[in-house]
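**Student:** Sequence:
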Amino acid sequence: MITKTLLYRCVLVLFAVATSAWDTENHAIAQTTPQVSGTNKPKDGPSISWVNPPTEKHLPLTPGATHNTFSSRLADQKIGYVIYLPPQYESHPTMRFPVIYNLHGNGGNELTSLNVIELVNEQITSGQIPPLIMVLANGGHSTFYKDSYDGNFPIESIVITELIPHIDATYRTIQSGDARCIEGFSMGGRGATRLAVKYPEMFCSLFCQAGNVPRLLDLFDQLTDQEREKHLLGPNRDKWEKDDVYAVTESNRSRIKKHLRIQIACGTKDGGHLPTVRDWHNHLVDQGIDHTYIELQGLAHRRTEMIEQLKPIWFDSHVTALRSSGAFDQPNAKP
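For the sequence shown, counting from 1, position 109 maps to 109 in the numbering used here; every step adds exactly one.
Incorrect hints may appear among the rest.
[What the hints assert, rightly or not] DEER-style ranges, computed between Cβ atoms:
no.: 1; residue 1: G151; residue 2: P93; range: 37 to 47 Å
no.: 2; residue 1: N282; residue 2: G127; range: 33 to 43 Å
no.: 3; residue 1: R323; residue 2: T268; range: 39 to 49 Å
no.: 4; residue 1: D316; residue 2: D168; range: 21 to 31 Å
no.: 5; residue 1: S324; residue 2: E90; range: 26 to 36 Å
Source of the hints: derived by calculation from the structure; they are not laboratory data. Ideal Cβ positions, reconstructed from N, Cα and C, are used throughout, including at glycine.
Construct the entire structure; sequences and hints are all you get.
**Tutor:** Okay, structure coming up:
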């Protein structure tokens with residue numbers, strides 16, 4: 001049942017699933033240099049294995065999906081990503097395509113969301129959605145897709161200033177925010193949310209999937225000076241304010257309303273995330289920002305189950321935004 005008001009659409013989906021653990025933000029930076037190997041992850045703080053080629057358990061990849069790398073000036077090394085190109089990419093060699101960027105959750109990498117690529121391929125080949133490109137980014141462990149204050153984990157800048165330009169320069173994308181979507185689960189949903197509201201002209205659609213959205217300025221006030229020094233965002237309040245989704249949303253309110261379609265989903269048994277997800281939903285209502293809000297009854301913090309339950313409509317919000325922006329109507333976006 002869908003209940004719609006002037007400000008938002010709210011959906012309660014009735015399903016029952018088992019509970020599970022959830023991601024939480026690690027506040028400390030446990031080392032001063034990036035960890036390249038995933039075998040020595042610090043318990044507290046960020047780390048990243050920059051390139052993660054598919055192993056036997058990942059093969060065969062979905063048709064159209066490949067693992068590639070790009071050279072990052074900020075990381076001073078190559079970074080892995082997975083890209084999915086629809087069948088029309090080969091059959092229509094002059095055609096250009098919208099792009100969905102998918103950000104994985106905490107502890108994942110560019111291979112984590114291969115099942116989302118399976119779903120997008122299934123829906124494209126069946127004609128359920130128009131052809132588009134999907135990119136799985138690599139955000140590492142506990143980076144939350146932010147730029148750390150010490151400069152060792154510039155993940156936000158890598159995504160915004162390196163990965164997206166690389167994809168646009170390398171593949172036949174429609175190089176416009178009107179044809180670019182972003183989504184993610186857990187840490188990825190949180191990261192996608194912050195990037196979308198911070199850079200609303202770069203995206204036309206956001207799908208936050210159980211992404212924790214805490215009030216960072218409240219946390220800043222609660223920490224001691226020593227705790228702030230060890231935090232990913234460091235001791236300076238202005239850095240926290242620039243990364244606080246609530247403050248950024250208020251600052252960019254008119255731009256968000258103009259450019260961005262927002263969908264949010266979370267399970268009712270996702271105790272580690274639902275409180276801040278509801279807070280974020282209510283903040284959007286208070287700001288008069290239209291969005292779709294979905295609660296899945298009985299669902300804990302489980303990505304695969306969320307995909308299964310929302311499978312028929314998983315990409316609908318993105319496709320609606322792309323249609324509204326005219327992405328599919330551009331001359332080079334048609335067969």
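**Student:** Taking the hints in turn, state whether each one holds.
**Tutor:** Here's how the hints hold up against the structure:
no.	hint	verdict
1	G151 <-> P93: 37 to 47 Å	41 Å, holds
2	N282 <-> G127: 33 to 43 Å	38 Å, holds
3	R323 <-> T268: 39 to 49 Å	31 Å, violated
4	D316 <-> D168: 21 to 31 Å	25 Å, holds
5	S324 <-> E90: 26 to 36 Å	28 Å, holds
The structure is inconsistent with hint 3 alone, although it conforms to all the rest.
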